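Read in order, the letters of the sequence shown are residues 1 to 130 in the working numbering.
Keep in mind that the hints are not guaranteed to be accurate.
[Unchecked claim] No more than 25 Å apart at the CA atoms, straight line, and that leaves these computed lysine-lysine pairs for DSS-like:
1) Lys83 to Lys58
2) Lys83 to Lys66
3) Lys77 to Lys66
To be clear, the hints were calculated from the coordinates, so they are not data collected in a lab.
Keep in mind the model is a prediction, meaning the values are calculated, not measured.
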Amino acid sequence: MKPARAFSPASEQFKQGQITPGWEDAQAGRVQITTNGHDGAAWWSPNGGEIRFVDGEKQVVSVGVKTEPILSVSMPKVLYSIKNLKTRNSSWAPDGRLMVILRGENELATHIDLVINFADEIQAKMGAAR
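Could you build all of it, start to finish, from the sequences and the hints given here?
Structure follows, in structure tokens:
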């Protein structure tokens, strides 16, 4: 039994916020790995041993997956929270080491850096560099 390494966004479980791994052999079995939904940004490790996703509470969660001798998954493990980031979309790098997060559409900057007399400061720094 080999993992298909894909999630079916058209599946009813996916639409209801539950990720179920897809399998080449549909008769092999299905195991639900989420309990409180997800945001649709799931990542399956290249070796098939881990699935990461953002749950309904905006926490990045990891689930270990074994496909031999039978399909089994570990208990979900919270890696970290992104709740305070006010994100709208997220995606994973192919190797799973990085998660890309887009700032929320209506999220405001929390600080502004203001440089008074910017041109004068640039000229002074350029003169000092000569």
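Cross-check of the supplied hints:
1. For the suggested pair Lys83 and Lys58, the alpha carbons sit about 5 Å apart, so the restraint of at most 25 Å is met.
2. Among the hinted pairs, Lys83 with Lys66 is inconsistent with the structure: their alpha-carbon atoms are about 29 Å apart, more than 25 Å.
3. Between Lys77 and Lys66 the CA atoms are separated by roughly 15 Å; this keeps the pair inside 25 Å, and the hint holds.
Taken one by one, the earlier hints fail for this structure only at number 2.
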